[in-house]
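What follows is each chain in one-letter form.
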Amino acid sequence: MYPPLRLDPAALMGEISAFQRKLTAGMDNLKHQLEPEYANTPRELVYREDKLSVWRMKGQGKPTAKTPTLIVYALVNTVWMTDLQEDRSMVRNLLEQGEDIYLLDWGYPDAVDRWLTLDDYINGYLDRCVDAVRKAAGADAINLLGICQGGTFSLCYTATHGEKVRNLITMVTPVDFQTPDNMLSSWSQQMNVDLFVDSMGNIPAELLNWVYLTLKPVRLNQQKYVGLVDILDNPKELQNFLRMERWIFDSPDQAGEAFREFIKEFYQQNKLIKGELIIGGKPVDLGMITQPVLNIFAEQDHLVPPDASRALGRHVGTTDYTQLAFKGGHIGIYVSSRAQREVPPAIHQWLSTRN
Amino acid sequence: MAEQANDFLKDYQAMAQQSWDAWTRYLQQNSPSSNPFGGGASPFGSSSTGDDFMARSMAALKGYGDWLQGAASSGLGQGPADWQQSLQNLFSNLGGQPFANAFASIDSEAAKSFGQLWQSWFQANPPGAPGMKFDVEHFAAFGYTREKQRLQQALTAAMQNYTEWAGKYQTLIQRANTEGFERLQGKLADLTDSSKQIESLKALYDLWVDAAEEAYGKIALSEEFRHAYGEMVNAQGRVRQLQQSQLDAWCRDLGLPTRSEVTALGKRMHELRREVRGQRGAQDNDEIANLRAEVAALKRQLADKPRPAKSAEKKVPSRSGKRATDDVVAVRRPKAAPAVAARKSVARGVKRK
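Heads up: the protein sequence lines correspond to chains A and B, in order. If you read the first sequence in my numbering, its first letter stands for residue 186, the second for the next number, and so on. If you read the second sequence in my numbering, its first letter stands for residue 34, the second for the next number, and so on.
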């Protein structure tokens, strides 16, 4: 039997002094930090409509892949998570493997976009972006790589516009929106989303960020910043930290109508897996997806629990279904060093046998 | 011996406090308008970004710093004393720190700003005229201002409802706080059976974070939390909606455009865009269908015609310089993307007409 705490007064004094010393010294470093840049992989504009842009990403050499891949990110946060910094860029990594990568940047909706619906986003914007990539690449069909909510959109799109999609990759994508461990889903169940959207209009990004922080309040509101003190004297680590902070908090508002529909149809009624979803008058049946599907999810994902993604295997119509579990979280799957080693090569390998 | 230890702790506490105060002063002195990241020379750009970052990091770090000081001066883990009692004292003396700071921010930004909004609204628009002694909220409304009275009454009731649900939500957060501490005690008790010991405050803090998140996670997934959370959000929505109604009425009185008018305009604009896009798509589809029918008819004609001699065929070039059947192939099997090819075909079809 041992006492669980053995705290030596002198050691404690040293610990506290060290903390305060680091903090004080580190403030100077914070003052002289420039706005952290993203990786900014060279790119060219392929298509622009309203607030969205489609970029063709450029690698060192010409792509060897015959079929282009369009990355479809969620409406929350920005697609630059996939190209965060040079040594943490899924996009660069895929380009190096020879893939031909296009990014869909949804932009920042404002009051004019308040009435955009899921039909506008999926059968409108996304369809025209896919057409733009097909035209640019001279391809009949392209690969879609949907991330998070963008993965859900890609599923809906592939189910209804299958002729334009050759292969589908989903990453940390919610499919079953009512798994027991889904905190966001639980919180949304009793929300009067009509009242919420009617009174808010567009949903402010700041409010959504606040909701995400409250999924793990102590870790994300405090422990993370306590940890910051340890890297204040390391310029590179500090820049990485600040870059991530930029990405987390520099996020778009949500178009009110699309938000209303997404919460109602997906979170509250779980229609995607029930086969009851209709978008723009078109039934969305996951069974109609016969393309090869690669479903990647993160085992420690607190936003999209793994079971919410795993459900895809039970509902998708294809006979060529591959599932990849990544040891990490919702963000780590793009930026951790393990992710750099494992995820893009796995995507490339999977695609190379199907293009 | 005990006195020596006390002296040490007092000295230490004084040193820690001085150090913290110095750091705080440093921040204040080095900041234009009390904000080291704000102002024109700020590398962070807008002052609001700096403010947000500053507020967030400062609150978190201050909470942790206070906790460190409290822990160090509590005598925790520094002798054979009852560690559970010491731990209890530490957390209760600090008012639940650092939990209070971490969880307090749960309802900071969005909820706090909302709270401030309606409180100031409430002050500006008291439910009854000064000196009124009766229960305005439940008083039957009548007369020329009946509608305004009704709206004001509804707003007052909605605000009270929000306060009630926000209180229930806070109670659950406090429960998470308490259960987090109990879990921490449990985790520490588990260590007594092993040779592992906590030897730094950071390690104790990290263990507490694990415990707190576990407790919170369990409560946050409960039916009770789901209900309170939903009702709090809904109550907030009702207050916001009624405030907007009142504001709309004032704007109308002043001849200003209202939120509901702007919203209606936006809605109609999107409906029109969809209609136009739909018509354009339908028109394209009709033209493609017509073109296909035309091509099919041509093919039938060609098939019905007796095959001319080879020399005769050479003398009848198509307008484009290609054989008509080449156009057929281009439409049915486009080299470019189908939609684009189809549009080109339609354009050609229109020209021919």
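Honestly, the hints are just simulated from the structure, not real lab data. Cβ atoms here follow ideal geometry from the backbone N, Cα and C, with glycine treated the same way. Heads up, a few of these hints could be off.
[Said to hold, decoys possible] Label pairs and their computed distance ranges (CB to CB): (1) B:E247 - A:I433: 21 to 31 Å; (2) A:E348 - B:A330: 37 to 47 Å; (3) A:H217 - B:G250: 44 to 54 Å; (4) A:G466 - B:Q316: 14 to 24 Å; (5) A:D505 - B:R306: 35 to 45 Å; (6) B:G219 - A:G412: 47 to 57 Å; (7) A:D379 - B:Q193: 44 to 54 Å; (8) A:H217 - B:S278: 45 to 55 Å.
[To be verified] To give an idea of the chain B side of the interface with chain A (calculated C-beta under 7 Å), a few residues: (9) A93; (10) L94; (11) Y97; (12) S106; (13) N122; (14) L224; (15) E246; (16) I252; (17) H260; (18) A297; (19) L305; (20) R325; (21) A329.
Here's how the hints hold up against the structure:
1. B:E247 - A:I433: 21 to 31 Å: The hint (21 to 31 Å, Cβ to Cβ) holds, given that B:E247 and A:I433 are roughly 24 Å apart.
2. A:E348 - B:A330: 37 to 47 Å: violated (27 Å)
3. A:H217 - B:G250: 44 to 54 Å: Violated - the Cβ-Cβ distance for A:H217 and B:G250, about 39 Å, lies outside 44 to 54 Å.
4. A:G466 - B:Q316: 14 to 24 Å: Since the Cβ atoms of A:G466 and B:Q316 sit about 18 Å apart, the hinted range of 14 to 24 Å holds.
5. A:D505 - B:R306: 35 to 45 Å: Since the Cβ atoms of A:D505 and B:R306 sit about 38 Å apart, the hinted range of 35 to 45 Å holds.
6. B:G219 - A:G412: 47 to 57 Å: violated (25 Å)
7. A:D379 - B:Q193: 44 to 54 Å: violated (22 Å)
8. A:H217 - B:S278: 45 to 55 Å: Since A:H217 and B:S278 have Cβ atoms about 50 Å apart, the given range 45 to 55 Å holds.
9. A93: holds (4 Å)
10. L94: Hint on B:L94: holds, closest Cβ of chain A at ~6 Å, below 7 Å.
11. Y97: For B:Y97, the interface hint holds, since the closest Cβ of chain A sits about 5 Å away, which is under 7 Å.
12. S106: Check failed: Cβ of B:S106 comes no nearer than 9 Å to chain A, outside 7 Å.
13. N122: With a closest approach of 13 Å, the B:N122 hint is violated.
14. L224: Hint holds; B:L224 Cβ to chain A Cβ min 4 Å, cut 7 Å.
15. E246: OK, holds: B:E246 within 7 Å of chain A, min 6 Å.
16. I252: At 11 Å from the nearest chain A Cβ, B:I252 fails the 7 Å test, so the hint is violated.
17. H260: holds (6 Å)
18. A297: violated (10 Å)
19. L305: B:L305 check fails; min Cβ-Cβ to chain A is 11 Å, beyond 7 Å.
20. R325: violated (17 Å)
21. A329: violated (22 Å)
Hint violations for this structure: numbers 2, 3, 6, 7, 12, 13, 16, 18, 19, 20 and 21, all remaining hints satisfied.
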